[in-house]
Each structure stands twice: as structure tokens, then as C-alpha cells.
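Residue numbers (our numbering), protein chains in the order written: chain A, 7 to 434; chain B, 7 to 434.
Hint data in this document are derived by calculation from the structure and do not stem from the laboratory.
Any given hint might turn out to be false.
When chains are identical, the list treats them as one kind, so a pair holds in a single copy or across two.
SDA-like, lysine to any residue: derived pairs with alpha carbons at most 25 Å apart [claimed, not checked]:
id	residue 1	residue 2
1	264	18
2	264	251
3	264	21
4	264	234
2 protein chains.
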Amino acid sequence: MGSGRGAALSEAEITAAVAAETEWMVDVLQRLVSAPTVLGAEEAGQVVMEQALRDVGLAPRDVWLDADALRADPGSSPFSWDVSAKRNVVATWEAGADGGRSLILNGHVDVVPPAASELWASPPFEPRRDGDWLYGRGAGDMKAGLVAIAGAVRGLRSLGVAPCANVEVQSVVEEECTGNGALQCLLSGPAADACVLAEPHPDHITTSQVGVLWAHVDVVGRPAHAAVASASGFNAIDAASAISLALRELETEMNAVKPPPFHQFAHPINLNPGVIQGGDWASTVAARCTVSYRLAMYPGQSPSQIAARVEAAVAAAAAANPFLAENPPRVRYDGFRCEGFTLAPDEPVAVTLADTYRRVVGTEAPLSATTATTDARHFVRRGIPAVCFGPLAEQIHGIDERVSIASMERAAQVLAVFVRDWCGLVSD
Amino acid sequence: MGSGRGAALSEAEITAAVAAETEWMVDVLQRLVSAPTVLGAEEAGQVVMEQALRDVGLAPRDVWLDADALRADPGSSPFSWDVSAKRNVVATWEAGADGGRSLILNGHVDVVPPAASELWASPPFEPRRDGDWLYGRGAGDMKAGLVAIAGAVRGLRSLGVAPCANVEVQSVVEEECTGNGALQCLLSGPAADACVLAEPHPDHITTSQVGVLWAHVDVVGRPAHAAVASASGFNAIDAASAISLALRELETEMNAVKPPPFHQFAHPINLNPGVIQGGDWASTVAARCTVSYRLAMYPGQSPSQIAARVEAAVAAAAAANPFLAENPPRVRYDGFRCEGFTLAPDEPVAVTLADTYRRVVGTEAPLSATTATTDARHFVRRGIPAVCFGPLAEQIHGIDERVSIASMERAAQVLAVFVRDWCGLVSD
Chain A
7 MGSGRGAALS
17 EAEITAAVAA
27 ETEWMVDVLQ
37 RLVSAPTVLG
47 AEEAGQVVME
57 QALRDVGLAP
67 RDVWLDADAL
77 RADPGSSPFS
87 WDVSAKRNVV
97 ATWEAGADGG
107 RSLILNGHVD
117 VVPPAASELW
127 ASPPFEPRRD
137 GDWLYGRGAG
147 DMKAGLVAIA
157 GAVRGLRSLG
167 VAPCANVEVQ
177 SVVEEECTGN
187 GALQCLLSGP
197 AADACVLAEP
207 HPDHITTSQV
217 GVLWAHVDVV
227 GRPAHAAVAS
237 ASGFNAIDAA
247 SAISLALREL
257 ETEMNAVKPP
267 PFHQFAHPIN
277 LNPGVIQGGD
287 WASTVAARCT
297 VSYRLAMYPG
307 QSPSQIAARV
317 EAAVAAAAAA
327 NPFLAENPPR
337 VRYDGFRCEG
347 FTLAPDEPVA
357 VTLADTYRRV
367 VGTEAPLSAT
377 TATTDARHFV
387 RRGIPAVCFG
397 PLAEQIHGID
407 ERVSIASMER
417 AAQVLAVFVR
427 DWCGLVSD
Chain B
7 MGSGRGAALS
17 EAEITAAVAA
27 ETEWMVDVLQ
37 RLVSAPTVLG
47 AEEAGQVVME
57 QALRDVGLAP
67 RDVWLDADAL
77 RADPGSSPFS
87 WDVSAKRNVV
97 ATWEAGADGG
107 RSLILNGHVD
117 VVPPAASELW
127 ASPPFEPRRD
137 GDWLYGRGAG
147 DMKAGLVAIA
157 GAVRGLRSLG
167 VAPCANVEVQ
177 SVVEEECTGN
187 GALQCLLSGP
197 AADACVLAEP
207 HPDHITTSQV
217 GVLWAHVDVV
227 GRPAHAAVAS
237 ASGFNAIDAA
247 SAISLALREL
257 ETEMNAVKPP
267 PFHQFAHPIN
277 LNPGVIQGGD
287 WASTVAARCT
297 VSYRLAMYPG
307 QSPSQIAARV
317 EAAVAAAAAA
327 NPFLAENPPR
337 VRYDGFRCEG
347 FTLAPDEPVA
357 VTLADTYRRV
367 VGTEAPLSAT
377 TATTDARHFV
387 RRGIPAVCFG
397 PLAEQIHGID
407 ERVSIASMER
417 AAQVLAVFVR
427 DWCGLVSD
């Protein structure tokens, strides 16, 4: 552990130093939210994060995505798009002494699309402040978390201290679709003794998550003039509905027996037909329909197992229909194909962070599970215990997503004290 | 009726003169099929038709679509797109004498999209000849019909004759979505004693057709992270399936009692969910889903009546669901909203054309009905009896659409003799 003046910093000194950075954090957050960092457009956000890390006093580096290296790794998820112009932005807060435990602080800069811009009270990529809330797509998931990481380090550095082992800050891409950004950091960069991802999990420490599979089902029909639809056509849109019903049965099966810690959820395994596109003319029987599904799985279930069950369900539905039996739908994988995990309850990073939280916030932060995936799995897979903790957000992936500014400050304070508790600090 | 040398032309003289134009017709058809005249891209086809009409010896004129004039006419269908750069191309074959009956020969240059290009044996907009068949999107519906009209007039003109009343040739746009192209010709141009539309109805004369309504149903959901789909989300894609089922019940009702002449069809009223689009991310509960439906109606039923039944069916389905009851789907009309019709069986244009057909082809061409709409309704609505007759096509709106070259020649021959029989001919 650390020694010298740094180690003696109190919670109050640290939290005050971080609080002094709140105005800066809000400014960075607003600039980040203004960057519409959906898939393929992440770079505008990385430019903001690069500057923010410089403002923290670190020297940011680029970690470019390497498609071949990613595809060669069994922990990657499949992707059909070009990643050659995508970078993670990382920076090392160099240790000022030996003897501490190293740490990765990770967040993602990419966001999901707005779902329906016209349903938002204000444009999703124009940050809007209303009291403690800052609205915008990605404000909570997880730009405020990224900013809290930067604010924590900036606050600590303002106290003239350094950690007793390297603290690696990572702003990654593609958390929302593959996790390949975080994976690239691990392929290219240093390991650490633990990782905290500042996902919007505000009052608990997330130590367990599901796996996720994205499966795209392509249904082909027999197009014809709508005038003879019933006699000559086979409608791929209608057929896609039948496939969805079959997959709903698989979802029901998967929720029937819920292993711990997922027994606490009424419905831990969610199937989501998230995107549908079919047909090309109202008066033509639809020749094609593609539905993109997201399906969760429990830790211990492999993506390949679940993919096989998806394919079996699709095949059984197709077999029940003469046309589909002859023209079976295709299941494609593009995006998430990843396993879940559950950390042991005595995992030091979780125990230490829970302790930090108790001392800073004054309440308990129980260890918890999430029915979503996060990049934490990559770290765990490589032997780096990883937990999620961050600001309070609402409506992530929804309409009028928002994050609490106070919770962002609080998360930054907890993270800063945690750096002291985990890594140790020394005077710089 | 006409007089002089022209009137004495035999079927054999006329059909031989038209047959001499077949090579020219095939060339024009191939150039037309090469023009991908889907909605918004019709102009490339009109350029071909303009030249073809010049080749026929006529002086083509432009009839520009006038959005305000169209919208003011109760026979128009609603449209949300810009039509200001769209033209019909028309030409008048001037009468050489008085006393005949005038005629409009009408065809549309627009085509529906390819449904699924990758399912075609060859690219849909590259005409491919295989024996008597010419393949391509729109080859049958109805570029070969347009060409047959031009070939008929060219063949007759090669014999040095003129009609005894004006023959108006029309190459129109937007038959496949609104019919507003043909309507504009009627708003801007001359009436006539009859109209023949060279739609692909090869061995019968079509004197009855259904009406068609395009209804677009916009469903709004409650987006959420897929991880909490069942607890917090409401999926618009799933809801759209439920709406489709309700509309299928309306379709079933409408097919239960089939007025003549539609009693001959097993299933005259076809509902078609032709296009679907919903959601924007696999891991986000779909916020929106829009389905574009095509629904037929019997002659005598008004589009407003049917629209009201569609809205009632959608509303009833919505009322059964708490979320949709609060957030009712919206029904929009954009495209076809038109009535059907049935001509009297003794309508002179039908009787005369049937007689012409019998003498040229040697078999009977019964009067028939179609479960589709065509631009014929516009003429009938304005008191111009209109029938459909044209080349033999297969797979219209389908994959590997094709037209018989021999049938195109035959249709041109029938049309040419019909001009003699209907208008009368005189030496030019």
C-alpha cells in the first residue's frame, strides 16, 4: 500500500477536491453529450475525452481497433462493419511509488441511437440541464461515468498525489454492440489488479451480469402482386411474426428456472426484437424481413449453446410451414455474442469498493447483479476482477435519458477515495 | 366511322405492318427496362418514351404533375412526396377525318421496386432475353404494354393511314402508388370516347377492378434497455404484429360475402403488410414500428368507408392493451385511396375490343375482373369507358418478372386493328 502524505488524505479532503471539479465535469459532460457517438460516429466523443484527459494532466494515447486481432480472440463478438478508423483513448496515471494495487478505470463513449427523437422533450444530442438532471442520449449510459472517472483523477491530482500502482483510464468504443473496444485495450495494453467500470449502477456494486447474444433472423418470402397475395405470395413479414412467437417460447423456458443471483429478478432473461425491416412496396408481398433480436443468457451458459437453441427454435417454427420448410430462415450473428459471469462475494475489489462507498456515502452498497451485459466481462475473462459502479441515470436506452449531476459528483468522490483505498497514494 | 382506303385495310395487312415493327419494339422495351423507373426515378423511362413517340412520328408533349391541382381533385390519392419534377409524356395522333370515335391508349412507365434483387436470376434492371421471354422489373407491368401501344400506332402509320378521331397516347407516372399521373392527363388534356390501358391482361378484357387503400399504421412503444424489457418497456414491433392480426380479421370479413363479378375469386380482397420498419437498436425495446398495408375493396365501397373500418379495427386492437389504449397507433394515408368499378357488359369499347380480339387471335377474350387496381378508374370516373388489355406477363411485382415478346407483338396487332374498328382509318 502507499505511504507518505498521500496515504494520509482523509475522505473529506479527497471529496472536497473532487467537488471542486464539478463545474469542469459538467462542462465536459455537456460537450460529450453534444457528440452523437452512435455506432460509427464515436470519434467526436473521443476528441472530447482526449482533451479531457489532457485537462486531467495525463498524456492520452490512441488504441486503434485491429479487426484481425479482435476476430482472432475468442472473447470478441462478430462484426460486419469496418473498425479501422476507430480508436479507444487511454491514459496512464503513472505510479509514484511501488507497493499498491493497479487499477483500470473504464468507460465507454459510444451510445445507442435515440430510439425516437421526436418523442424526446428536447433533442437527444443537445444536453439540457433541469435542476440536478442533465438530459441527453448517453448522458447516463455512460458519459457521466466516464466524466466521473476523469473528475476523480483530476481531483486527486489537484492534491499533489500519485497512486502506488498505475491507474489506467480507458475511454472505449463499441460497448453497446460488441465490447470489442474494451477487448482491444486488453489485447494492446496492460493488465491490472482490478477494474472498475463507471456504468450507471449508483447504489450497488455490480458483480454479476448476464451474457448477451444478438441474432439476426432473415426470412425470405415469395413476393407477388398484393392482388394475388393469398394465392401466389408468401409474406415474409407475417412469417417473421411467427418466428418471433417461437423465440418467445424459448425466452419463457429460459426464465422458468433462474439460477442465483438471478432468482431475485422476476424476468431476468429478456428477448428483444429490437429492429425489424421488411418488404419494399405496400402492394408487393414482402420478399424479405429481417428481425434483430437481443437475447440474454445466464453465467455458465455459452453463447454457442444459446445460439444453437435459437437456431433450433427458428428451425422448428419453419418446419411447421411448408414454404419456410423449403426456404428456411437464416440466423446471422453480428454484434454481441458473449457470456455472463458472477464474481465471488469476497472478491477484494468488490469488498474494498463497498467499504469505500460506506465510508463516503454513509449507506450500504450491496453487491448486485444486472440483467444487462457490460465490458466488465472482458476483464473478468482475463483474470482481472471487474465491477460496475457509477452515477444515477434514468431511461437509459429510453426517451429523455438523464443523469443526476449530484450523483456524478458523488460517483467521482467514491472513485477517488477508492483509488486511495485500492492503490494507495503518495505525494507526487 | 372512317372512310377511304384506310377503312378497307384488312386484319392481315395491319398485323403484318405491326409485325414489321417487332424488332423496333423489342429495342424500345429493352431500353425501357434498363431505366429503373421506381417511384421518384421515372424520368429515365420518360426520356425513352419521348424518343419512341418521336420514332412513331408523333410530337410528344409534357404533362407536368401539378400537386395543387391533383390534391384539389377528389379522384386523386394522397401523397407526401414532391411531384414537381415529374412529367407524363403524351402525344396526339391527329385525326385525318371526322366521324370516328376518339381513343386514349394509356400505359405507365413507373415500376415497383425489385422486391429482393439478390433473388433474381439476373439483375432486375438489366433486360435479359431467353427465347420468347424478356426478363426485368416492369418488363410486363407494364413496359411491354406501353411499347405495344407505340408499336400499334407505328405499324398503322407505316400503312399511310390516319384515324377518324384523335388517338391520344399517354405514358404516365405513378400508376403503382397513386394513379395521379393518369389523373393529371385528364385534368390537363382531352377526354375521349374510350380508353384502353395496355396492362398485362393478355387473354381477357378487364372491365372490373377493386378499389385499393394504402394505410400506414404507426405504432409507438415505450423504449427501454432490453435488459429490463419485460418490466419497463413496451415493444412497438410486437404491438404491430397484434395490429396486423386485427386487420387480418377485417380481411376475412370482407371476403365472406363476395359481390359479382368477384364471386369468381376464392379470395378477392387481399390485405398485404407490404413494408415494415421498426426499432433502431437490437438492445433497445422498439420505440416505433410502421407497417404499410395495402387493402382492396369492392366496387361500390368507398375508400372512406374502408378507411373507417381499418381505423376501427386498429382502435379495437389498441383498446385491448393498456399501453396502446393510452398511446393509440396512428393510421396515415399516403398513396392509393381509390374506388373500384365494373363496366356494363355491353359497353361498346369492351364489345368492340372483344370482337377485334376474336378476329385477330381466333379465340374468345372474355370480359373479366381483376383483384388489382389500374389507372382505368380515372377514365371511368370521368365518363370515359376504359378497359385493360395487353401482353402476357408473369411474376409482376415478383422475382424474375418476364413478358412474352410474341404476346407483345400480338397485343400491338390487336390494338392496331382495334384502332381501325373503333376510330376508323383514312388514307393520310
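At most 25 Å between C-alpha atoms: does residue 264 with residue 18 qualify within a copy, between copies, both, or neither?
neither (42 Å within a copy, 83 Å between copies)
Could you figure out if residue 264 and residue 21 sit no more than 25 Å apart (CA to CA) within one copy, between two copies, both or neither?
Result: close neither inside a copy nor across copies, 40 Å intra and 79 Å inter.
With identical chains treated as interchangeable, where does the CA-CA distance between residue 264 and residue 251 reach 25 Å or less: within a copy, between copies, both, or neither?
within (21 Å within a copy, 33 Å between copies)
Please work out whether the CA atoms of residue 264 and residue 234 approach to 25 Å or closer within one copy, between two copies, in both situations, or in neither?
between (48 Å within a copy, 16 Å between copies)
Violated hints, listed in ascending order, are 1 and 3; each of the other numbered hints is respected by the structure.
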